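Q: Okay, here's what each chain looks like letter by letter:
Number of protein chains: 2
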Amino acid sequence: MLDRFKVPLADQVHVSEAALRQTVAAIFEQCNLTPEDAAIGADVLVTTDLRGVESHGVSNMLRSYVQSYQKGDYNPRPNWRIVRESPSTATIDGDGGLGVILGPKAMRIAIDKAKAVGVGIVTMYNGRHLGAVGHHAMLAAKEDMVGMCMTATQPGVVPTFGAERRFGTNPIAIAAPAKQQPPVLFDVATSAVAGNKIGLAARVGSNLLPGWITDKEGNPIMEETPVLPRGQYFQLPLGGTREQGSHKGYGLALMVEVLCTVLSGAIPNMLESTGAKHYFAAYNIAAFTDVDAFKEMMDRMLEHLRNTRPAAGQERVLYPGLSEYEEEQKRRVHGIPLHKEVIEWFAGITRELSLPPLQTLA
Amino acid sequence: MLDRFKVPLADQVHVSEAALRQTVAAIFEQCNLTPEDAAIGADVLVTTDLRGVESHGVSNMLRSYVQSYQKGDYNPRPNWRIVRESPSTATIDGDGGLGVILGPKAMRIAIDKAKAVGVGIVTMYNGRHLGAVGHHAMLAAKEDMVGMCMTATQPGVVPTFGAERRFGTNPIAIAAPAKQQPPVLFDVATSAVAGNKIGLAARVGSNLLPGWITDKEGNPIMEETPVLPRGQYFQLPLGGTREQGSHKGYGLALMVEVLCTVLSGAIPNMLESTGAKHYFAAYNIAAFTDVDAFKEMMDRMLEHLRNTRPAAGQERVLYPGLSEYEEEQKRRVHGIPLHKEVIEWFAGITRELSLPPLQTLA
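So the sequence lines, in the order shown, correspond to chains A and B. 29 is the number of the first residue of the first sequence in the working numbering; add one for each residue after it. 29 is the number of the first residue of the second sequence in the working numbering; add one for each residue after it.
It is worth saying that the hints were derived from the structure and are not from the lab. Note that the structure is a prediction, hence the values are computed from the model and not measured. Hints are supplied without guarantee of correctness; some may be wrong.
To give an idea of the interface, some chain A residues facing chain B are shown, with a C-beta separation under 7 Å as derived from the structure [what the hints assert, rightly or not]:
#1 P115
#2 T119
#3 A191
#4 V216
#5 L237
#6 K276
#7 L299
#8 F322
#9 T336
#10 R337
Yeah, the Cβ is synthetic: ideal placement off N, Cα and C, and Gly gets one too.
With the sequences and hints as input, model every part of the structure.
A: Here it is in structure tokens:
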């Protein structure tokens, strides 16, 4: 992630993975989730924080999840069910359950279908926030598959030339295993910048960059700007302006909407607010080629990418998932840095729910 | 497409769809293709020109295809075969055959598998140029499926922060049917601009825009620039710079490389020049939801997109495939405008191959 979004050192408080996992699971249980589901939710969020993806970890998301459970917007005990099925596909009614927790279950179904017939594709409607889509894609990569995941969310993004919001930040993830190299894990919003990054920018007092948002009339703002008040701006698709390719970001957002929403038989949020819809895909590598040969070729390609001569002034060339993998190794040892505001929120919520406080590292 | 790439009126010569189809098929037959394959090739190219996608129609591509057949780089009678298969997947050795012609055959296999088990995914290695990937995706949409198609091509694009080419323009297409509205047909390069558009810009004497290419050292050129000589520049991923999201374009290019190349058991072109690799996907809508309901929901969504209030100074909001559909209606009636240089090339090649000349409209 860009340095501008990092929590400043002076505002960091470190917590261990184990302590965070325990407290997050306990909070989910107090929201009336089963212990099994609470553990899944904690695993998804804490793994995301371990990878340094603050925008989708506990700091940005848990607070809003708890509020949604408390308001009754999320169903803590969803009776999710498959409403249509074929050997390689399933369509699921998520019954208002949090996607963070139903995502791994849906991807499991996709993986099992891929084992049986080569590929598994699962769509889910009547869903809620999916968390980091990359997490779910990665579950397939751990089973020697290529995993993909997408989610169609609440509108905040204009189409190219438009002055009304039509799409969510509709992210796309793909994960693929390698042998020695860290796996590829690509996970990006189809908007110019992820919605949660705007929240992070506000928290750390950072400006938004040119081409990230429009003014109220849909005109792209092409200079740096502080975060505007809610309702005073729209988000731009990846590309920013038409000449820089915003029609590509717009088309990708539409692709996500078709595969997540329309293909699952649901109503797009641009027409009616109907919750999030998701897409999960697992490609069984062995159905296409030799698994070992695939992983060795991934190694060769990823090494070649890392060895690309950097442009003047650049330190090195990365690939998607590499720096997050490196961050994870560090954080497993040294703990996860949370913003002091987040620590304060934990203090409040654990008190409110009569839970032991979150343990922090010295 | 941007106006800057349109053939200037004074340089246009119109030809009918039927005349162009006949001459293109005759040229392919002279390259030793079977009449059936020649007709498929002509259909793909002329359909692309009808949609106004000059970059991938006869004007930009046929000349290079004929040269490649004449040099022996393309196999006119490929003995393509399925080397691995499962109920929902197939991996094909393309035996050096032109993708324009093998693409519809591969997509047919994907469609048949999707009819049988819900989804069909076909990869092809040892392939050659695929033409407009959107054309192949559209074949599935015509069968009440969602179609996707991608191709991994010769490197010309740097990864973010890099100063060496690693990826082709690796385009992605998705097509989905609607009921009354023209279908969605999204077809874009994952580079800031399609490689063929650089050729078009050179032909019509247009500048390249900021964020489209780098200099020799990998530095993004952030002002307008004439097309530089070959070897003096690299292409940038969609997004242009890291802060504008070039890591997203880079990641999408890598995704295409994984799904087309590594999943088919082949060597990426960044490591060894091994021809193009392709990916074809067909999702049988009926396996997920009711087909009529799907199409009606597509209509509602696409109408809503078209009715989006435009930003100040913009005429209207489009969706991917809409303006190409409109162009197709016009060109079916009024003919296809070709650049006079292209007409001259046709005059030369038909003479060389002892074929009747291409008939032009008055």
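Q: Work down the list of hints and note, for each, if the structure agrees.
A: Verification of the supplied hints:
| no. | hint | in the structure |
| --- | --- | --- |
| 1 | P115 | holds (4 Å) |
| 2 | T119 | holds (5 Å) |
| 3 | A191 | holds (5 Å) |
| 4 | V216 | holds (5 Å) |
| 5 | L237 | holds (5 Å) |
| 6 | K276 | holds (5 Å) |
| 7 | L299 | holds (6 Å) |
| 8 | F322 | holds (6 Å) |
| 9 | T336 | holds (4 Å) |
| 10 | R337 | holds (5 Å) |
Violated hints: none; the structure is consistent with every hint.
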